[in-house]
Every structure is written in structure tokens, then in C-alpha cells.
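**Q** Using the hints, position chain B against chain A.
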Amino acid sequence: MNRTLSGLLLIFAGAALVLLPLWANSGLVFLAGTTMVVGVFALSWNLLFGYAGLASFGSGGLFSIGAYTMAVMLRGGFEGQFLLLIALSTLAGGAVALAIGIVALRRSTGIFLAILTLALAELLRITLAKIHWVGAEDGIPNIVRPNFSIGLATVDLGRGNHYYWFLCIACALLVALSWWIAHGRFGRTLRTIRLDIERAAFMGVDTHRYRLVAFTISGAIAACAGALFAPWAQIVTPDIGNMMRSTQPILFTLLGGASSFWGPMIGAFLFSAIEFSTRTLVGIQEIITGSILLGVVLLFPTGVAGAWNALIARLTARPRRDEATSAALQPVKE
Amino acid sequence: MFTLVNGLTTGMAVFLVAAGLTLVFGIMRILNFAHGAFFMIGAYVASTLVGSAPRSVLALVAAAVVAALVVGVLGIVVQRFVLRRIQHVDEHYMLIATFAVMLVCVGFVKLIWGLEFLSVDPPPGIDTGVEIFSLFVPSFSLFIISSGVVVFLVLDFVIHRAWTGKMITAIARDGWMAELLGINVPAGIMAAVGGSFALAGLAGGLLLPNQTLSPALGDTFLLLAFITVVIGGLGNVRGAFIAAILLGLIDGLNTMLLPAYPGVAVYVGMVAFLLLWPNGILGESRL
Numbered sequence: 001m002n003r004t005l006s007g008l009l010l011i012f013a014g015a016a017l018v019l020l021p022l023w024a025n026s027g028l029v030f031l032a033g034t035t036m037v038v039g040v041f042a043l044s045w046n047l048l049f050g051y052a053g054l055a056s057f058g059s060g061g062l063f064s065i066g067a068y069t070m071a072v073m074l075r076g077g078f079e080g081q082f083l084l085l086i087a088l089s090t091l092a093g094g095a096v097a098l099a100i101g102i103v104a105l106r107r108s109t110g111i112f113l114a115i116l117t118l119a120l121a122e123l124l125r126i127t128l129a130k131i132h133w134v135g136a137e138d139g140i141p142n143i144v145r146p147n148f149s150i151g152l153a154t155v156d157l158g159r160g161n162h163y164y165w166f167l168c169i170a171c172a173l174l175v176a177l178s179w180w181i182a183h184g185r186f187g188r189t190l191r192t193i194r195l196d197i198e199r200a201a202f203m204g205v206d207t208h209r210y211r212l213v214a215f216t217i218s219g220a221i222a223a224c225a226g227a228l229f230a231p232w233a234q235i236v237t238p239d240i241g242n243m244m245r246s247t248q249p250i251l252f253t254l255l256g257g258a259s260s261f262w263g264p265m266i267g268a269f270l271f272s273a274i275e276f277s278t279r280t281l282v283g284i285q286e287i288i289t290g291s292i293l294l295g296v297v298l299l300f301p302t303g304v305a306g307a308w309n310a311l312i313a314r315l316t317a318r319p320r321r322d323e324a325t326s327a328a329l330q331p332v333k334e
Numbered sequence: 001m002f003t004l005v006n007g008l009t010t011g012m013a014v015f016l017v018a019a020g021l022t023l024v025f026g027i028m029r030i031l032n033f034a035h036g037a038f039f040m041i042g043a044y045v046a047s048t049l050v051g052s053a054p055r056s057v058l059a060l061v062a063a064a065v066v067a068a069l070v071v072g073v074l075g076i077v078v079q080r081f082v083l084r085r086i087q088h089v090d091e092h093y094m095l096i097a098t099f100a101v102m103l104v105c106v107g108f109v110k111l112i113w114g115l116e117f118l119s120v121d122p123p124p125g126i127d128t129g130v131e132i133f134s135l136f137v138p139s140f141s142l143f144i145i146s147s148g149v150v151v152f153l154v155l156d157f158v159i160h161r162a163w164t165g166k167m168i169t170a171i172a173r174d175g176w177m178a179e180l181l182g183i184n185v186p187a188g189i190m191a192a193v194g195g196s197f198a199l200a201g202l203a204g205g206l207l208l209p210n211q212t213l214s215p216a217l218g219d220t221f222l223l224l225a226f227i228t229v230v231i232g233g234l235g236n237v238r239g240a241f242i243a244a245i246l247l248g249l250i251d252g253l254n255t256m257l258l259p260a261y262p263g264v265a266v267y268v269g270m271v272a273f274l275l276l277w278p279n280g281i282l283g284e285s286r287l
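Residue numbers (full-length UniProt numbering), protein chains in the order written: chain A, 1 to 334; chain B, 1 to 287.
Chain A with its partners taken away, still in its complex shape (with noise of 0.2 Å):
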């Protein structure tokens, strides 16, 4: 029951995604395809976070990352190869968080990686500020959407809203990838040693590897939605690796659920609605923001997913109601 009700309203977001700009104007359809990046960037951080246990503060500096190499790729006019590009800008953050991941897992975890993370993303948005190549303070301005070929079919995605619909496939595929790798073997070994690093260690299994490797691919999506994001946007400026964005994939996913694998999406669409209905409210934005998530830490640690699947537990199965109200009390729900 939980499942199936679950499922259709997850078909049913998805459709009213894709049929977005059919009867909304350009600027909501704008605003559902930022939260459609940013809740797979969102994602990807809780890959990391709910799944192997370590914070990152700095995966907007990977999203930025991201977001240079393909602003940079498509300025020097490689815009025929757009799969490539994309492919190329997903390596780069994986590279690069490969390599934090060498020299900084091992000797920290918990508020340490946090700080530690948090720094070496601003240290890239100062940098990038200040580096005249990618445009110093002012970013680089009018990416182009190329043009998407597979095969002998061509589409221009400049045209209208064949962005927007590129972006659904291709967050709907990074979805699924997260999806496949958080549900399958890797993922649970990874639960593992979020619950219990010595067992998991006992057990045979190579704690250091696993949580390195998910930090590689927590970063290579992270970067990969900042690749999709730039020629969106088409502006990319350092502050779009800032401390906001930063923190942005943590509010989500606290907001919308850790526990659960579509918490940071949900969280996002939030997110996202809150800001927009409130956009005209200068200052009473933040107070509403910010209350609405101490409501959430404070009231429903589990978060929206988590509040729902035990609204949904109590609803259908009356005998086993001490357990969904035990589920809710559980900071984490395991």
C-alpha cells in the first residue's frame, strides 16, 4: 500500500514535471529545472550522507567545478560534443574528489571534514574570483545550449524548451544511477559501515575504500549537475560554488528526509515552492525558511519522507502502530 501510493504520486511529480512548460510561464519552467539540478546535486550529497555516514560542506565547490569545466569546454567551442563534455566535467569532480577524498578521509570525519571541506570550496570560489581566464568576479557570461546528436537525430537544445525536456531525461537517468547504486550491493555495504564501522570492518570489509569511493562518486554527480546546471543558467560566476550552495544539498535532504533515497528531492521541490511563494517578502523569506526547518529538525527529525511513511504506516496498519511512532522518534530511521 505504502509502496504503490508512494510510487504514483512519484509518476505523477514526474509527469507534471515533463508537462511543465506546456501551461506555465518561463520563469516557473526556469525555476523547476534549477530544483530538478539541484535536488540530483542533493542527492548526490546524501549518497554520501545517508548512505556512508560523512558530511561534506563543500560539495558546492564540486558543483562549481562542474559547472567551469563546461562553461569553459563550450566557450572554446567544442559544442558538437555535448555528451562528451558532460561526461568530461563529471570526471573532473570525481578526479578532484578523489583526490580530497586520498588525504582527507582517513584522518577526518564528522565536524572536521566538515570544516575542512567548507574551506577548500571557498578556497576555490576565491581563486576562481580572482582568475581573469574564467572571467575573474564576473564569471563567464552566454553559454550556449548546443546542439544534442545521437545517431543521425539532431536537436537543438537552444530552441524553446528542448532544454528543459533534455534536463528532465538526463536527471531522470542520474536519478536512476543513484538509485542502482544506493539499492544495490555498494550501497548497503556502505549502511553497514554508517552503523557500524568496527563490524564492518571486522567483517572483512575495507572501510576506507568503500567510503573514498563514495565520495569519488558523490562528487563526479555533484559536478555532473553542476555540467547540466551552466547551460541553463548560461552564466556561470564563482559564487555559484558559494557557502549557500554548499549547504543548500543538506537543507534539502534534512528537510525532506535523510533515511529516505527521495528525501532530498522532495526536500528540493519544497524548498523551492517555499522560496517562490515567498519571493516578495524581503526578510520574512529567511524568518519562514528558517522556521519551517528548525520545525523540521525539532519536530520530525526523519524529515517530509520520513514523517510521511509513518503517517502512511499508522493509516493503513492499525496493529503495528507503536512501530511507525517508534520510526518517527529514531533521528535516523534505519
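Note that these hints are calculated values from the structure, not bench results.
By construction, the Cβ of each residue, glycine as well, lies at the ideal position given by its N, Cα and C atoms.
Nothing false has been slipped in among the hints.
With a straight-line cut-off of 25 Å between C-alpha atoms, the simulated DMTMM-like cross-links for lysine to aspartate or glutamate are:
#	chain 1	residue 1	chain 2	residue 2
1	B	K166	B	E179
2	B	K166	B	D156
3	B	K110	B	D121
4	B	K110	B	D219
5	A	K130	B	D219
6	A	K130	A	D239
7	B	K110	A	D239
8	B	K110	A	E275
Some chain A residues near chain B, calculated using beta-carbon distances under 7 Å:
#	residue
9	I111
10	A119
11	E122
12	L123
13	K130
14	E286
15	I287
16	G290
17	L293
18	V297
19	L298
**A** Using the frame of chain A, we list chain B on its own:
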């Protein structure tokens, strides 16, 4: 030499902000994301009191003290309603909760003081410079350096020499046992957290001149204060003091040697420090 003075000024400014942050961590084990926002509120309150041109140094200090009181009271409110409830949950949820508090604070600042940039001049008496060994030093720098040192000495006395430090240590180590021994634990925590927040307000007031006030003010200082606190060892005031000086000097050298890339060396230095001493130079401390 000029680099040294500049570096020390930056360092002490950062220390003023970092002191409260590290104290809250020492007492409650919470890394407070909202600290920068409270620093900002302190600055705004003080600027409302003194106007854009304060009349004397005394007026500025008085305004800073009032700001400290206001922010201290706010801190007690936040402690009662938020911090106390999240003390025993996963540390990531603490970061999120305090981040939410920060958003609320920034929202209120935008509502009350608006989005325009405000600025405050240094008051007469410290608006010029003095010559020390044929070196022109802005007296406002001296003011900040001495404020930092005074705040450090007072804190060090309160924590390591006076009975208050012992009491707070007892509460932070084992609240239940401290309660059995007849210590009023809730009042102690409240006083200590209120004091830590008051430090943020005080810093806001003292650092007010030569500062552009905008709702983004908190972020700049927050990150530097985070770095200081982590390098110095979480919860360790002495460590934070040393780390702040080091950071200031690194930043000063950076401005001198690499003027094209301001602020880069601080982060490079921090990454190096974190990798070499992951627990901070003086180690983590529970006060």
C-alpha cells in the same frame, strides 16, 4: 612590521568573534552556525545606538556593552528553545538547527534594518594614527588589538583561574553529577551560554567602525571564526587565541607577498593545519 600590525588586527578581530563560538562548543558540544548572525545583530544594535559618527571611544564601548547584553538575552532565549533540545542528537542535526536559527536572524535583520549598507566612522581619539618607532599605526588597529587581548585575559581568568571556570567545567563534563553536588546546572549553562552569545554581541559593537554593515556581514566573519576555532581545538579559548594570531599573520603575509590573491593563504594554511593537527594545535577541550 606593518604586516605584523595588520595581521594582529585581523587576528584579534577574528578572535573576538571566535571566542564565543568556541565557548558555546565547550559547554554544549554544539558548533553554532548562527554565531555570525548574532555578531551581526550586535553590530546593528550598536550602530543604532551610536549613529554613523560616534562621539567618543567611551560611547562606542558603551554601545558595544549594550549590544552584548541584548545579544546575550537573545542567546539565552535561543538556548532555551533550540540548543537545549538538540544537544543530544546527531551533530549534523545541530548544524542544521543552528543554520535555521541563522536564517531567522538574518531575516529579522533585513526586516528591521533593511538591505542598505550602513557604515560607522571610528570615534574621535582613535580615528587617526600614532607613530611607534617611525611607523605609522592606525590607532583603531591598536584599539582592536587591545580589546582582543583584554577579552582574552578576562576569559582566561574566568575559565582557568576563578571558581566560575571550575563550575562550568563540572557542568560540561557531567551535568548529572554536578547537579547532585548542589550546582544549579540549568542556571550555570544559561549564564555560560548567555555569556558566550554576549561575546558575539560585544565583538559586533567593538568591530563596528571601518565595517560595512550589510545582512551578509555574518558570513564573512563566521567562516574565519570557524577556521580559528577548529585550528585552535574546539572549545579551547587559548587555542583559539593562538590560532587567531597565526591566521592574522598568515593573512598579513598574504597581503604583502601575494596582493593579487587576498584571502587565499588563510584557507591554504587552514587545510595544512587540519591535516597536520586534526585535533587543533592545543587539542580539543571540554573547557
